[in-house]
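Peer 1: Chains A and B supply the protein sequences, listed in that same order. The working numbering numbers the first residue of the first sequence as 1 and each following residue consecutively. The working numbering numbers the first residue of the second sequence as 1 and each following residue consecutively.
Simulated from the structure, these hints should not be mistaken for lab results. Model, not experiment: these values are computed from the prediction. There's no promise every hint is true.
[To be verified] A few chain B residues that don't get close to chain A, going by computed Cβ distances all over 12 Å: (1) Leu61; (2) Ala66; (3) Glu72; (4) Gly252.
[To be verified] Computed Cβ-Cβ distance ranges for the label pairs, DEER-style: (5) Ile263(B) / Asp127(A): 51 to 61 Å; (6) Tyr15(A) / Tyr37(B): 57 to 67 Å; (7) Thr147(B) / Lys74(A): 49 to 59 Å; (8) Met3(A) / Asp176(B): 31 to 41 Å.
Note that beta-carbon positions come from the ideal geometry of N, C-alpha and C, so glycine has one too.
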Amino acid sequence: MTMPAIEVRAVHKTYGVGRKSREVVQDCSFAVADGSFTVVIGPSGAGKSTLMRLIAGFERPSKGEILVDGRPVKGPGPDRQVVFQETALFPWMTTRENVAYGPKARGDYTPDARHLAARLIERVGLDQFQNKYPSQLSGGMQRRAELARAMVNRPRVMILDEPFRGLDAMTKKLMLEYYSALSRESKRTNLFVTTDVDEAIFLADRLLVMTHIPTRVRAAIDVDLPYPRQLAGFASDDRANDLKRQVLSLLHEEAARSFGAGGVAADFVAAYRSRMAEEST
Amino acid sequence: MTTDVLVGAAGETARPIRRKAAPSASARATRRALVAYAVVLLVWQLGATSRGWLGHPLPYLGNLPAPSAVLEAFRRLIVDPGYWQSGYASFVRVLTGFGAAVVVGVPLGLVMALNPRIRRVVFPVFELLRPIPPLAWVPAAIIFWPTQELSIDFVIFIGAFYTMVLNVLGGADAVDVRLIQTARSMGASRWNVFSRVVLPAVIPSIVVGSQVAIGVTWEVVVAAEMISGGGSGGGTSSGGGLGFFIWNSYVGGSYPQIVVGMISIGIAGYFSSAALRWTGGRLTRWAGARS
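Generate the whole structure from the sequences, applying the supplied hints.
Peer 2: This is the structure in structure tokens:
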């Protein structure tokens with residue numbers, strides 16, 4: 001058994017102090033195998049993004065520790081690259097300048113890095129848009145430019161926090177298939193956050209279903225579907241549907257907790273769940 | 001499959017940079033502006049000459065010097081070196097005070113935004129001084145600064161300074177934290193994050209702040225010159241500035257000259273704002289691409 005790429009050990013994260021404090025991550029532990037595509041799924045507002053910021057090193061855990069390649073995380077670093085929910089390209093840099101930013105900022109813009117940047121821009125299909133500013137690119141193009149900007153740093157781990165949220169359905173589907181193929185050929189470790197079950201099952205080797213806030217791992221599910229996967233094929237695939245029902249049922253339980261017990265909303269969710277259960281039998 | 005996606009990707013079209021309005025639209029805008037000017041001039045001329053064609057002056061408007069008289073005064077003044085010197089004196093003061101406000105205000109705004117400790121010390125003082133109008137500083141400035149010239153420059157500086165600082169501070173506070181996190185996660189140094197991420201992000205706020213501030217400086221320069229007696233020399237033909245020029249025209253009873261002075265300030269303010277807008281546009285081309 002090789003060393004996991006990421007190890008999260010009994011991590012807590014609390015914001016604020018005293019009566020106003022809010023625990024967002026509670027006793028959360030999991031490991032991400034080297035080279036795996038791990039998808040983190042949970043109700044929205046569960047604290048998944050907080051967890052990702054802790055792994056990225058933008059914030060420190062209140063308790064517990066996070067190891068990347070066996071070394072404790074002390075701050076952000078080029079070995080972990082984050083792609084955020086909405087575009088975080090530098091608006092004043094062209095596509096090429098954005099992609100070349102990392103190596104340049106580290107004083108590491110060697111001919112080799114320059115070559116890699118050019119290749120990645122071509123790989124994400126933006127070679128004709130190298131000299132455009134982000135505001136001149138479509139949403140899908142912006143996401144691809146961001147993927148290239150992260151990958152040029154040759155990270156150990158890519159952390160993607162709902163990266164395709166807000167794209168239209170068609171672009172989102174293309175981006176999913178595109179990123180799945182891209183990551184499969186690079187054998188890089190991926191940590192991908194989403195709230196969308198189809199997206200999760202399409203991408204994942206392994207699924208971490210998170211609890212409602214304060215978050216920790218509710219269940220870890222291995223997704224043993226063969227590659228290449230087809231988003232469109234899921235509807236008729238029994239194994240995929242089994243997985244989907246399993247994950248949805250867990251998510252509904254967690255979502256129900258967010259409405260609080262006994263309320264009208266909780267009753268509504270309970271009714272919805274019993275209907276789901278009927279359909280699945 | 002990947003190749004398919006790539007073909008689809010390259011087939012997308014980039015959003016075009018927003019172009020300037022088509023010539024026909026801009027021609028129409030110019031025409032409308034000219035009509036507006038013409039209507040204002042006509043009403044003004046009729047009102048000012050009402051004593052002649054109506055027999056008695058219309059209220060308010062009847063006391064104005066007519067546009068024709070103003071034009072006559074302007075024709076006389078345009079060849080008068082004293083008029084140009086007044087304009088030049090005011091212009092130099094505006095530039096000095098405004099320049100000082102940019103040179104001091106931009107770094108101060110940035111330092112306050114980036115260093116919470118300095119902000120906690122400086123900001124309360126800043127907020128206490130800010131409500132004091134620039135003109136209330138005139139007497140104190142005259143006492144404090146060794147020359148009249150410096151005291152006028154200082155009052156203009158005060159007029160532009162707060163606007164600059166607040167805009168830079170607001171702009172720096174609003175910098176998207178994810179951009180800074182992205183840069184840091186790529187191993188950028190603090191200096192690199194500042195110069196390549198924070199500073200470019202603040203430039204639009206500096207541009208907007210400058211445009212507001214330069215307008216304020218033209219308001220302030222005139223008033224400061226009136227109150228302080230127009231600097232060292234006094235007199236229309238010396239370094240009194242446009243403010244003193246207007247005041248002097250009032251005292252001397254040459255009313256058309258007052259209007260000439262007023263319009264001159266309007267034109268000077270218009271052109272200095274336009275120059276800043278143009279410069280700002282060059283500095284933030286990337287933002288012009290936003291639709």
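Peer 1: Each hint should be assessed against the structure and marked as holding or not.
Peer 2: Verification of the hints:
1. Residue placement check: Leu61(B) keeps its beta carbon more than 12 Å from all beta carbons of chain A (closest about 50 Å).
2. With a least beta-carbon separation of about 51 Å from chain A, Ala66(B) lies farther than 12 Å from that chain, consistent with its non-interface assignment.
3. Listed as outside the interface, Glu72(B) is consistent with that label: its C-beta sits roughly 52 Å from the nearest C-beta of chain A, beyond the 12 Å cut-off.
4. In this structure Gly252(B) is separated from chain A by more than 12 Å, as the shortest Cβ-Cβ distance comes to about 53 Å.
5. Our hint of 51 to 61 Å for Ile263(B) and Asp127(A) holds, since their Cβ atoms are close to 55 Å apart.
6. Take Tyr15(A) and Tyr37(B): their Cβ atoms lie about 59 Å apart, and the range 57 to 67 Å holds.
7. Range check, Thr147(B) to Lys74(A): Cβ separation about 57 Å, and the 49 to 59 Å hint holds.
8. At about 35 Å, the beta-carbon gap between Met3(A) and Asp176(B) stays in the expected band of 31 to 41 Å.
Checked against the numbered hints listed earlier, the structure breaks none of them; every hint is satisfied.
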